[in-house]
Structure formats: structure tokens, C-alpha cells
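First to last, the sequence lines map onto chains U and R.
For the first sequence, my numbering assigns the number 287 to the initial residue and increments by one for each residue that follows.
For the second sequence, my numbering assigns the number 860 to the initial residue and increments by one for each residue that follows.
You may find that some hints are simply not true.
[Stated by the list, open to error] Derived EDC-like pairs (lysine to aspartate or glutamate); straight-line CA-CA distance at most 20 Å:
1) R:K1038 x U:E301
2) R:K914 x R:E924
3) R:K1003 x R:E986
4) R:K939 x U:D333
5) R:K1003 x U:E301
6) R:K1003 x U:E311
7) R:K912 x R:D938
8) R:K940 x U:E335
9) R:K940 x R:E1015
10) R:K1038 x U:E335
[Claimed, not checked] From the derived model, a few chain U residues whose C-beta atoms are all more than 12 Å from chain R:
11) H295
12) S306
13) P310
14) S321
Note that these hints are calculated values from the structure, not bench results.
Quick reminder that beta carbons are idealized off the backbone N, C-alpha and C, glycines included.
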Amino acid sequence: MEIKDFINHFEDVFEDTDISALRPETNFRELEEWSSLAALSILAMIDEEYDVQLKGEEMRATNTIQELFDLVSSKL
Amino acid sequence: MLNKRLLPEDFVMSRYGISARLVQVEDSEFIVRLRTDSSLSKYLHATDSDVNKQKDWILEYKKREDSGKDYYFLFSCGDKKLGVSRIYNIDGTKATGGSWVCDPTNLMEHTVATLLLTRDIFFEVLEFPVEEFQVSKGNKQVLKLHQRMGAEIVEEKEDEYELKLSKDSYLKGRVKLTKLLRL
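For reference, chain R alone in the conformation it holds in the complex (with noise of 0.2 Å):
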């Protein structure tokens, strides 16, 4: 099977008062300082606090990016950044969702909107059924989050939990949560 692109170069989506696009190079400052927040980093795999390593693994990523394989989006509302989230592991009609980290001072419903975007586009856009993913045991708040959105926890491991979610349950949590945060 040919691999190609599923998304266009210049992808641009709006919704929720944000705006979704595919991360680029200049992006690195801002993942880095995300990734390496205090705050954000405990439940993130390591990430190495030099700009140019960041840069290099960007363009790594956009070869993965052309063949259809990885998504990297970044988020914004106006010229403020929010975050950034990945669809990856992309395998015919499976794939992924995860690096999902937002600016620690986002309003509630931005930092929520970028998961909801994330998944707009998981579900409605690239058309995946359903989305396979992880979440650190302690990490209480971001499991709710997604289990709000109608996440099932499908297995307990050591120090995570595997989940499931369907569109049909992501559709059903999302009118929940754009009713709650007046999306």
C-alpha cells in the first residue's frame, strides 16, 4: 500500500474559538518550553531542553508527516499558542492519539477545545472509528478528561491505563462538554 499524505501541507482547521494546524519548525521554542514545564512534564516522555535537537526531530517528523503516518498539531487562539497533540502510528484505519500538552495558564475551555479539535479531526476528518491510547496512572485529571469525553478504560497496566474511544462515544461526550463549557 502507497503511503501518502492525508493531510494537506497548509492543514488549517477552526473550531471552539481556536485553530488547529501542523506544527513546523519555528514551533520548537514553544514545544520545548511546554515539554519541559514542571508543571506539565511529570506524565511526558523526556524531552530534551535544547532547541536544535527539537528542530531536528520536527524535521524528522515531516517525513512521517508527507508519508501519512504522524500528525503533529499545534493550537492557537489569536497569536497566543495553547498546545500541541499528535495522531500517530497511523496503520490504515488504526491509529493513535497522544502528546497532548497545553500552556499551563490556557483558559479551561481552550485547553479543552484542543482535545476536542484533536479528536474533530481524528474522527471527522481523517475518518479513524476509533482511537487507541494511553495515560499515566496518576495523571487523575486528564483520565477524567478523556473518560468525560467517553473514554473506556480497557486495560490497567503497572503505571498506565490503556483506553478505547469510539466515535459514537466522543460524539455523545462531546455535546456533554461543548454544553458545559459553552462551546
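Isolated chain U (complex conformation) (with noise of 0.2 Å):
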């Protein structure tokens, strides 16, 4: 897994934001299209394309790309 192909995971989610403000240490909450939704659609991106289930409050224990990336890593 690969932290590179996470992000583009995300770019999917977030289209309105530019790739470039998508890096490991940017903090995902803080992002302008962040909402509820949003958090509804990483987890979904997250099951399917690596099959791993996250409860909401282990999302919501994390804040940026990297943490959320090591706490899906650590699942598989």
C-alpha cells in the first residue's frame, strides 16, 4: 500500500481541491470541501478499495493524510 495511491484515493473524494494541496501532512479536516459527507466518503473509499472497515471514531482520531494512511496500513 502505498501512500501515493492513498492520495489519489482522496483527490477522488475532494475534486474541487487541488492535487497539490493533498500531501501526507496536510491535516484532511481543514481542507475547504471538508464536511460530514466527505468523511462518509473516504470511509467508503477506504472499504472498498482496501477493504478494510474503520468505525467512525477511529477517522475521527486522526487528522492528517498520513495518520489516517497508517491506521489503514495497520488494518490490513
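Dock chain one against chain two, each of which comes alone in its own frame, and use the hints as you go.
Below is the structure:
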């Protein structure tokens, strides 16, 4: 699992956000497009692309793309 | 055909950890706050920020509630108000869902639950067979959620999509979403 691919999947959710703004250190909750429904899309993406089922509270404990990536990786 | 109430005045339904009840005049301030929130109002019809006008609107709405034409729901989790939605333009077996707006500070589970509960009322309590509704084209995340629930785009207009959601498609979509969110 590569973070580059993870960020590409992130970009699919944040369609109106410039890819340059999506870096491992990006705090995704501070993105303009962030919302509870964007959170759902990320949760669904992780399930569909990585077959990992995160709980909402697990995702809420992360802030950066790197942290979320590490969480998903730990469950593979 | 005589118009009559389809839901009692004290209607309450609880599911997914939240509750729905019919909107009351005292919800006016909450509704105005939601509908004039700059992060939410982009895809809503313009709402006057005057709370007294909202109260008047609700009093007028109550007549449509009495005649079975329009039902406006307030969702909450404990003491926290989560959002609102409507089932309106009720005419025989036809109805439209809309006016769905939630507090942007909600947990994602609660926001999604408000739409699931609206549709449970629509299909299971009111027993309508199909929901027809519109979504603004720019409202991408909302469109995705409706599609996750099984809705299909049936027409594309300049600024919006027309969608349809059948009960069968909704029930399949509900299984996937409730599993994903552990509702």
C-alpha cells in the first residue's frame, strides 16, 4: 500500500481541491471541501479500495492524511 | 378525496440513535440558523434571517401538515438538534423529499442517519413507492450520498439533476450504509 495511491483516492473524493494541497501532512479536516459527507466518502473509499472497515471514531482520531494512511495500513 | 393527516401531531420515530419529530414553531431559530449558515446555504432556496418570518412560515406549514400535504421533521440526538428535512407535495401515492439540511458540526453518522430516517418514514410509515427529488449539480457529496442510497439520475437540467429512488433500491442501499457506519 503506497501513500501516493492513497492520496490519489483522496483526490477522487475532494474533486474541487487542487492535488497539490493533498500531501501526507495535510490536515484533511481543514480542507475547504471537508464535511461530514466527505468523511463518509473517505470511509467508503477505504472500504472499497482497501477492504478495511474503519469505525467512525477511529477515523475521528486521525487528522492528517499520513495518520489515516497509517491507520488503514495497520489493519491490512 | 378528503385531505387528512397522515401522521399524528405527536409523531415521533427513533432509529439509528436519533429521533425524528414534527417541526414546531419553537424550532424557528434553529432552522433559520441552519438555512442561513454560509457553508450550507449555497444549495438551498434563500431563507429570510428573520426568525419571526420563519415562525409565520411554520404556522402556515401546520395547515398543510393537518391536510396531509407536507411533513417537516426535526431530528435530534438527546438534547442536540441535528437537522431537518421535509416530505412534501404529497398527492395520493406521490411525494417529494427535500429541505434536508444538517448542522455542519454533526458526526457523519448522525447526518446520514437523518436522511435514512426520513426515507424510512417515506417508504415504511407513509408507504410511498417512489421518491422524486432534485439535487443541485454543484452539491456533489449530497448527490453521492443519494446514489449510495440507491437513487438514480433520471434527468439532467441546467443547474440540477432530477432523481428517483424506489423502495427496493433504498432498502438495498440502506443495508450497505448502515453496515458501513455501524448504525
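### Task
Compute the least Cβ-Cβ separation between P310 (chain U) and chain R, then decide whether it is above 12 Å.
holds, 23 Å
### Query
Is the hinted pair K1003 (chain R) and E311 (chain U) satisfied, with a Cα-Cα distance of at most 20 Å?
violated, 27 Å
### Query
Hey, K1038 (chain R) versus E335 (chain U), does the alpha-carbon distance stay inside 20 Å?
holds, 16 Å
### Query
Between K940 (chain R) and E335 (chain U), is the straight-line Cα distance small enough, at 20 Å or below?
violated, 34 Å
### Task
Assess, step by step, whether the Cα of K939 (chain R) is no farther than 20 Å from the Cα of D333 (chain U), and give holds or violated.
Given that 20 Å is the threshold and the Cα spacing comes to 30 Å, the pair is violated.
### Task
Compare the distance between the alpha carbons of K912 (chain R) and D938 (chain R) with 20 Å, and conclude whether the hinted pair is satisfied.
Not OK: K912 (chain R) and D938 (chain R) at ~25 Å, beyond 20 Å, violated.
### Message
Holds or violated: K1038 (chain R) and E301 (chain U), Cα atoms, limit 20 Å.
### Response
violated, 26 Å
### Query
Is the hinted pair K1003 (chain R) and E986 (chain R) satisfied, with a Cα-Cα distance of at most 20 Å?
violated, 25 Å
### Query
Is the Cβ of H295 (chain U) farther than 12 Å from every Cβ of chain R?
holds, 14 Å
### Query
Is S306 (chain U) truly not at the interface, in the sense that its beta carbon sits beyond 12 Å from all beta carbons of chain R?
Label holds. Min Cβ-Cβ 20 Å, cutoff 12 Å.
#### Entry: Distance restraint between K914 (chain R) and E924 (chain R), which requires alpha-carbon spacing of 20 Å or less
holds, 15 Å
#### Entry: Exclusion check [S321 (chain U) not at the chain R interface, CB over 12 Å]
About 6 Å separates S321 (chain U) from the closest Cβ of chain R, which leaves it inside 12 Å; violated.
Checked against the numbered hints given earlier, this structure breaks hints 1, 3, 4, 6, 7, 8, 9 and 14; the rest are met.
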